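All chains should be built: construct the whole structure from the sequences, respecting the hints.
Quick note, the sequences are listed as chains R and L, same order.
In terms of numbering that gives the first Met the number 0, the first sequence has 4 at position 5, counting the first letter as 1, and numbering is strictly consecutive.
In terms of numbering that gives the first Met the number 0, the second sequence has 134 at position 135, counting the first letter as 1, and numbering is strictly consecutive.
By construction, these hints were calculated from the structure, which means they are not laboratory data.
These figures come from a predicted structure and were not determined experimentally.
Don't be surprised by glycine CBs; every beta carbon is placed ideally from N, CA and C.
Just to be clear, a hint being listed does not mean it is correct.
[As the list claims (entries may be wrong)] Ranges of calculated distance between the beta carbons of each label pair, as one might list FRET restraints:
1) R:68 - L:74: 43 to 53 Å
2) R:81 - L:126: 47 to 57 Å
3) L:130 - R:37: 34 to 44 Å
4) L:126 - R:478: 44 to 54 Å
5) R:451 - L:115: 53 to 63 Å
6) R:81 - L:63: 18 to 28 Å
7) L:79 - R:81: 28 to 38 Å
[Unchecked claim] Footprint (simulated), chain R over chain L, 3 or more residues, beta carbon under 8 Å:
8) 18-29
9) 37-48
10) 95-102
11) 106-118
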Amino acid sequence: MISFETLYAAPPDLLRHAPVLLVAGPLIGACAAALAPSSRWAWMISVGATIFALWMALGVIGEVARKGVLDYYLGGFAPPAGIAFRIDGLGATMALLIAFMGAAVSLYSGHSLRAEVRHEKQTLFQSGFLLCQAGMLGLVSTGDAFNAFVFLEISSIGTYALVALGSRRDRRALPAAFTYLVMGTIGATFFVIGVGFLYAATGTLNMEDLALRLTPLSESRVVQAGFAFIFVGLGLKAAMFPLHGWLPGAYTFAPTAIAAFLSATATKAAIYLMARFAFTVFESDDAFVQGFLFWALAPLAAVAAIVCSLQAAFEKDVRRILAFSSVAQAGYILLGLAVGTVLGVSAGLLHLLAHALMKGALFMAVGAATLAVNARTLTDFAGAGRDAPWTMAAFTMAAASLMGMPLTLGFLSKWRLIEAALAQNQVWIVAVIAVSSLLALVYVSRMFEAVFLRAPAQGAPRVKEAPVGVLVPLLILAGLSIWLGIDASLPEALADAGARALFGVSP
Amino acid sequence: MSLLTHVNYFAVVLLMVAGLYIVFSSGNLVRRMIGLALFQTSTGLFYISLAKVAGGTAPIRVEPDSETARELSSRVDPGYAAQYAIDGVVYSNPLPHVLILTAIVVGVATLAVGLAIAARVREAYGTLDAGEIADADRKAGRGPVP
Chain R
0 MISFETLYAA PPDLLRHAPV LLVAGPLIGA CAAALAPSSR WAWMISVGAT
50 IFALWMALGV IGEVARKGVL DYYLGGFAPP AGIAFRIDGL GATMALLIAF
100 MGAAVSLYSG HSLRAEVRHE KQTLFQSGFL LCQAGMLGLV STGDAFNAFV
150 FLEISSIGTY ALVALGSRRD RRALPAAFTY LVMGTIGATF FVIGVGFLYA
200 ATGTLNMEDL ALRLTPLSES RVVQAGFAFI FVGLGLKAAM FPLHGWLPGA
250 YTFAPTAIAA FLSATATKAA IYLMARFAFT VFESDDAFVQ GFLFWALAPL
300 AAVAAIVCSL QAAFEKDVRR ILAFSSVAQA GYILLGLAVG TVLGVSAGLL
350 HLLAHALMKG ALFMAVGAAT LAVNARTLTD FAGAGRDAPW TMAAFTMAAA
400 SLMGMPLTLG FLSKWRLIEA ALAQNQVWIV AVIAVSSLLA LVYVSRMFEA
450 VFLRAPAQGA PRVKEAPVGV LVPLLILAGL SIWLGIDASL PEALADAGAR
500 ALFGVSP
Chain L
0 MSLLTHVNYF AVVLLMVAGL YIVFSSGNLV RRMIGLALFQ TSTGLFYISL
50 AKVAGGTAPI RVEPDSETAR ELSSRVDPGY AAQYAIDGVV YSNPLPHVLI
100 LTAIVVGVAT LAVGLAIAAR VREAYGTLDA GEIADADRKA GRGPVP
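In structure tokens:
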């Protein structure tokens, strides 16, 4: 296991408050960016705040590696009266992912915004982006169920506005953002109703306290209804099949920086919360949770992995292909959770990390190629391999990970998933992964065919190579998809730490 | 367990399904936002109903042994008071009120963003009707937003 201590050195005072600074940094940055005199300033604030958050996330993960769990009482008030942040292995892993993707997307947005967002909206874009990141970081840090709702909505409200900003290029971003807002709000409200049921049954909102008090109550109808509401609500936020209707539109028409950030983090944060409720708040060996995992989550995840891959294979718009693929890949992650063992959850989390890296890189690559011309369909991308070799090299690396080619992180996570399924004698999961991977091969090959083999139409606008400022974060993400597939000790350590923390197993 | 003791929960469910029905049945974006607001408001009523403690007064501390405290404690059964009272007075639970205050703020923010997007939709499409928006996209030779 990689020692996280080596990753990090900071003044002890800063380190002590790292859990809250992690969230406060981007939040303060959001206010500062909104007041910034120019879009350039706003961008620099955004880069600064996200890098600060990344620094704090590394600090948190170092502390978690040392102590196991970080408890931080806001204002010094201990629970049950106060609100507590509680970061364990899983929370720290998610925080690192969100902070890292935030920094990468923030760097990328410096150039991409100029092409995609109206000039006077660019400062507000950065503000919304930081708000969204702060919300997600809070979501993975908090130890309070209602607090989780508030953070979920802070990040979502930022997201709705950001998706709508895609309207400069295509007015369809507006109805897409509206649909997303309606579905997201219904999801969040379902979550609140569920939390209300749990509160009615237990009288507490602290997740640890909830877990203790729910143990004797697992037969209670109130608790089961609460569980159902929470999972439908989070399913909407996580775009779990068949509640994913809002996702393709939102990802297709949002500015590419936002598509990259959301596909890498937003649905993942909802999946995190789902895992938190299924395994920490409720008990994973509880008959009701077992039934839910086996009869609801596993079949839906399997259908998502196959049906949405099939839809992706028939799409013509490149970003819609990637969006449908996102729903399908979320299916893999949920399949890992549905296996319900440490091995399965660890495989699911590994795929979560892998998918975040590759889908972030893919949306960025598509965005980078379309800075000069608004290319959308496969035909528009014809010949892009020759016109934008570096961008498309990154695209190829990330797409290889997406279809699970050996020596990529995507391959490794699928392999772990198959191992975990076989350990539980769930052979059908292996079949689902095989079929879905074949379909992924189909839609990735269609993109490769257009990019590398097809000649561009006469007189059609040509894709151009992206500037260096865009290529650097893009190549880092794409390179990581490959490099971490060869030396996987870091993502595996993170995924294992996350899964162990969920099940309360010591390393 | 009767209709009367649970009347607020029935109201919650009624508001909730009415709100959801408006969201999905109405084609007008502003009406959809109204439905959504109704749906969110129903959770407010739900939490406030949870907070009510039978015989409890508003959760504002009453001076012990004062006139008000004596009057309030005379209203509740002594056995019940022994279990739930603080200095002889039974209070309702203040926490859900605070939670719902936060949820209301979240709801207002969502409503504001939603209406702002609806206004932008009207600028871009010249209509607020979801069907007409989909038609306009189809006519432009592009697929509608699913």
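Cross-check of the supplied hints:
1. As the Cβ distance of residue 68 (chain R) to residue 74 (chain L) is approximately 46 Å, the hint placing it in 43 to 53 Å holds.
2. For residue 81 (chain R) and residue 126 (chain L), the hinted distance range of 47 to 57 Å is satisfied, since their beta carbons lie about 50 Å from each other.
3. Range check, residue 130 (chain L) to residue 37 (chain R): about 42 Å between beta-carbon atoms, so the 34 to 44 Å window is met.
4. Taken as a hint, the range 44 to 54 Å holds for the pair residue 126 (chain L) and residue 478 (chain R), whose Cβ atoms sit roughly 47 Å apart.
5. As the Cβ distance of residue 451 (chain R) to residue 115 (chain L) is approximately 42 Å, the hint placing it in 53 to 63 Å is violated.
6. In this structure the supplied range 18 to 28 Å holds for residue 81 (chain R) paired with residue 63 (chain L), their Cβ-Cβ distance being about 26 Å.
7. Taken as a hint, the range 28 to 38 Å holds for the pair residue 79 (chain L) and residue 81 (chain R), whose Cβ atoms sit roughly 29 Å apart.
8. Counting residues of the segment 18-29 of chain L whose CB lies closer than 8 Å to any CB of chain R gives 3, which reaches the minimum of 3, so the coverage claim holds.
9. Counting residues of the segment 37-48 of chain L whose beta carbon lies closer than 8 Å to any beta carbon of chain R gives 5, which meets the minimum of three for the stated coverage.
10. With a cut-off of 8 Å between beta carbons, the segment 95-102 of chain L has 4 residues touching chain R; three or more are needed, and the interface restraint holds.
11. Counting residues of the segment 106-118 of chain L whose beta carbon lies closer than 8 Å to any beta carbon of chain R gives 7, which reaches the threshold of three, so the coverage claim holds.
Comparing the model with each earlier hint shows a violation of hint 5 alone; every other hint is respected.
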